[in-house]
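The primary structure of each chain is shown beneath.
Protein chains: 2
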Amino acid sequence: MSKSFLYSEIAENLASQIRNGIIREGDKLPSVRMLCAEYEISMNTAKRVFLELESQSLIYAKPQSGYFASKLSYKDLPLPGESNPILLANHCEPNDILQKVYANIGREDILLLSYTVAYGDMLPISQLKKEIVQATRALPTGGVQYDRVEGNANLRRMVAMRSLTWGANLKEEDLITTNGGMNAVALCLMALSKPGDTVAIESPCYPGILQLALGLGLKVFELPTHPRTGIKIEALKEVIDKIDICILISNYNTPVGSCMPDENKKEVVELLASQDIPLIEDDVYGDLCFTGHRPNCCKSFDTTGNVLWCSSISKTLAPGFRVGWVAPGKYKDKVLNVKLVHSISSSSLEQEAVANFLKSGKYDKHLKNLRQKLYLNYQNYARVIQQSFPKDVKISQPQGGLSLWIEFGDKIDTIELYDAAIKRGISIAPGRMFTLQDQYNNSMRLCFGVPWNAQLESKLKQIGILAKQLQRLNS
Amino acid sequence: MSKSFLYSEIAENLASQIRNGIIREGDKLPSVRMLCAEYEISMNTAKRVFLELESQSLIYAKPQSGYFASKLSYKDLPLPGESNPILLANHCEPNDILQKVYANIGREDILLLSYTVAYGDMLPISQLKKEIVQATRALPTGGVQYDRVEGNANLRRMVAMRSLTWGANLKEEDLITTNGGMNAVALCLMALSKPGDTVAIESPCYPGILQLALGLGLKVFELPTHPRTGIKIEALKEVIDKIDICILISNYNTPVGSCMPDENKKEVVELLASQDIPLIEDDVYGDLCFTGHRPNCCKSFDTTGNVLWCSSISKTLAPGFRVGWVAPGKYKDKVLNVKLVHSISSSSLEQEAVANFLKSGKYDKHLKNLRQKLYLNYQNYARVIQQSFPKDVKISQPQGGLSLWIEFGDKIDTIELYDAAIKRGISIAPGRMFTLQDQYNNSMRLCFGVPWNAQLESKLKQIGILAKQLQRLNS
Chain A
1 MSKSFLYSEI
11 AENLASQIRN
21 GIIREGDKLP
31 SVRMLCAEYE
41 ISMNTAKRVF
51 LELESQSLIY
61 AKPQSGYFAS
71 KLSYKDLPLP
81 GESNPILLAN
91 HCEPNDILQK
101 VYANIGREDI
111 LLLSYTVAYG
121 DMLPISQLKK
131 EIVQATRALP
141 TGGVQYDRVE
151 GNANLRRMVA
161 MRSLTWGANL
171 KEEDLITTNG
181 GMNAVALCLM
191 ALSKPGDTVA
201 IESPCYPGIL
211 QLALGLGLKV
221 FELPTHPRTG
231 IKIEALKEVI
241 DKIDICILIS
251 NYNTPVGSCM
261 PDENKKEVVE
271 LLASQDIPLI
281 EDDVYGDLCF
291 TGHRPNCCKS
301 FDTTGNVLWC
311 SSISKTLAPG
321 FRVGWVAPGK
331 YKDKVLNVKL
341 VHSISSSSLE
351 QEAVANFLKS
361 GKYDKHLKNL
371 RQKLYLNYQN
381 YARVIQQSFP
391 KDVKISQPQG
401 GLSLWIEFGD
411 KIDTIELYDA
421 AIKRGISIAP
431 GRMFTLQDQY
441 NNSMRLCFGV
451 PWNAQLESKL
461 KQIGILAKQL
471 QRLNS
Chain B
1 MSKSFLYSEI
11 AENLASQIRN
21 GIIREGDKLP
31 SVRMLCAEYE
41 ISMNTAKRVF
51 LELESQSLIY
61 AKPQSGYFAS
71 KLSYKDLPLP
81 GESNPILLAN
91 HCEPNDILQK
101 VYANIGREDI
111 LLLSYTVAYG
121 DMLPISQLKK
131 EIVQATRALP
141 TGGVQYDRVE
151 GNANLRRMVA
161 MRSLTWGANL
171 KEEDLITTNG
181 GMNAVALCLM
191 ALSKPGDTVA
201 IESPCYPGIL
211 QLALGLGLKV
221 FELPTHPRTG
231 IKIEALKEVI
241 DKIDICILIS
251 NYNTPVGSCM
261 PDENKKEVVE
271 LLASQDIPLI
281 EDDVYGDLCF
291 TGHRPNCCKS
301 FDTTGNVLWC
311 SSISKTLAPG
321 FRVGWVAPGK
331 YKDKVLNVKL
341 VHSISSSSLE
351 QEAVANFLKS
361 GKYDKHLKNL
371 RQKLYLNYQN
381 YARVIQQSFP
391 KDVKISQPQG
401 GLSLWIEFGD
411 KIDTIELYDA
421 AIKRGISIAP
431 GRMFTLQDQY
441 NNSMRLCFGV
451 PWNAQLESKL
461 KQIGILAKQL
471 QRLNS
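Protein chains in written order, with UniProt numbering: chain A, 1 to 475; chain B, 1 to 475.
Bound conformation, chain A alone:
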């Protein structure tokens, strides 16, 4: 085992003990010497372990006393309960809050906490500019001519190689590139569904998926979902005879941040395969684990080609590049045909640039950085929420991704909160966007991909003040 691997293994081991409450707030950690003895490592390696934990705000040093576990403010706030949607396929009319919120995309005069995007120095913009320039020069026709329908070969090769790390064994020819992750899901759903079909999803659910399903004339089953472990499998079993397709955001789901445990992934994959119900897996957040290894996907447990694994670099690297992909399993021809008909091919330039970024190892370095920044951000958000939001607030405890799900008491309507916040230059995502039923009216999603600074802290506090005002007004 290499030294650097060893040090990060040990750090991760201790980190998860702290996060899971095995080591509690104020507990003294083993000394440097004890760690050396226990793991048979050098003093230097042991010191690196503590520095790593300190940089993640998991521990703090007391002069002459050693290291102690930090207070993890997000631990103090209760988790929202498992969701409880009505188990009936139903079609409400989409409400216009969605259009209102998404009309703000790309605006620079507003603090955008409403979309799950990493902003500012979270993304390696100057490195990516260089990659684009190089790709433009390197591509035979500079990307001016049509690419093949399946998309850039270098990118598909790099994505296939990375799939080894999460237990899949994809090959270049298993993959099709798309205009971002949502486009991958859209192509799959168009390829597999016919109007009147029923699709099962998590609840609350990413609004793009809800709107997509409605637009294609599908019926939607919202499944009860736990904020840590994802859909309740019992509920899926209950409706299994009534559904034609299932769509899940398996890892660090938006909005609730759930990550399905391996055993749940396996069980769901086997259950759906046994009924020949395709599973469209949206895995755009999988690379954003706060620490440790990237989680497996449902695709890792797919032995029949029944899982269509969709992902992108929109959440981790460059949203504006519109680079995504899908490994559609046994449905490849169908998906390829829909891509051809809807957009012929995709732009090759950004795909080539991303492929080179992955190949050079810069992506992994960037991810390491980004994950740590996001984790610290999440802690900061949780601290401010605890200090400034109404006392009865509940928040999710994601272990990765970009979304925080916040549940207020029932006196607060988050559509009213949106209206109040947007006047102060803050955009939030009201809970009603994430369902086709009349629920989540007192919940909202905040993205923690905005770099931390005093202005962000002050705006977050403002949201808290506005929420308290609404609470008083409606009491």
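Worth double-checking, as some hints may not be accurate.
Straight-line Cα separation of at most 25 Å, PhoX-like style, residue types lysine-lysine; simulated pairs [claimed, not checked]:
| id | chain 1 | residue 1 | chain 2 | residue 2 |
| --- | --- | --- | --- | --- |
| 1 | B | Lys129 | A | Lys130 |
| 2 | A | Lys334 | B | Lys194 |
| 3 | A | Lys468 | A | Lys394 |
Bear in mind the hints are in silico, worked out from the structure with no lab data behind them.
Following the hints, complete the assembly by docking chain B onto the known chain A.
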């Protein structure tokens, strides 16, 4: 009137007299002096007029005798008749010839005459590479962050400005950018149709539109279409009570190359508006007039916002960039919402580069060049077809665009011809791709966007030889 305008006006005037047979093969043209007197122009201007006509192969000089009208080989071949599809909404299963043909996109080992794309030095590749590099540097985040849903503002402004030249008066905010022209049509059709609706189209029709309609669960009415003037308006009137949407490629249509006269455009627009049936206008070839002014669009005659005008630079500049747009009239909110749901936003980089290319005037220079090359190419194709194809062949007479529609006698099945040609490294587009009915089996489309050279000439001749062999075999 400026001098350069004057000279090109006069040249175009004479050119159209030659093309329309008012001046016939071998007819002597007026002398330079006569032209000077008739139009009150200088000797130099008159000489430029003749040089222009000569460069288009429309006239030739005889020493000491003056200029004479050339033999226009395409004039000798008869035009295919008006099409005659069954006037019933029907759904055949798509046949697999389409997948077979489109699987070749982007291949470099095959002569691709099957897609309507301009290749090689027809496109200003090195100029576009420079634009990309500059756009990457100029964009605030290098295109890394999400653009607004409606797309790049500079591009929308430039497209709006150009719309003045064809009688529309679009503004930046009337436009939404898309991933190419086909994606624009797809977004419009998804925004406006519901499964079971009926759409009226030209016949033969661009296969992407047929497949798109089938994929969305729509019924399709194929309308009789004249190879010069487009759909037969009487037929549209006949089915008007049975249709919900109409899609037309109004200018230099693919595959037949028809261009609707202004009075037809106006009549169709008024007819559809009176019945509240939206018209999706696909105008991707409009900029590719061989000579003279770019034609008007149906959108030019739209007073009610009922026309959704779709276009792109895929046929004129950079297919691989996937840059298109739509002016959706009164349906803007619906189209914007579908774009949001299916792909969130589009890649900004290529849009910015194209906007700058338009702004700099390089696009107009490029177009002038490209139009002339395409016209000469078309003449060369027609000459080889006349010399080497079976005697009873008929070909369309497009005045722009990239497609030639070729009709053989009924002994030739162009799917068989495809199979024979692909073995020799040539890809053609069999007529059966362009309909959902059992017709056009003896027709095919050839793209004339491939730069002319000896190899292309020899491959075209090979197609002729193969066609003659098939004719003998099947007689």
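What's the verdict on Lys334/A and Lys194/B, does the C-alpha distance respect the 25 Å limit or exceed it?
holds (21 Å)
Verify the proposed pairing of Lys129/B with Lys130/A, using a straight-line Cα cut of 25 Å.
holds (14 Å)
Has the given pair, Lys468/A with Lys394/A, been kept, meaning a C-alpha gap of at most 25 Å?
Answer holds: Lys468/A to Lys394/A is near 14 Å, not above 25 Å.
No hint from the list above goes unmet by this structure.
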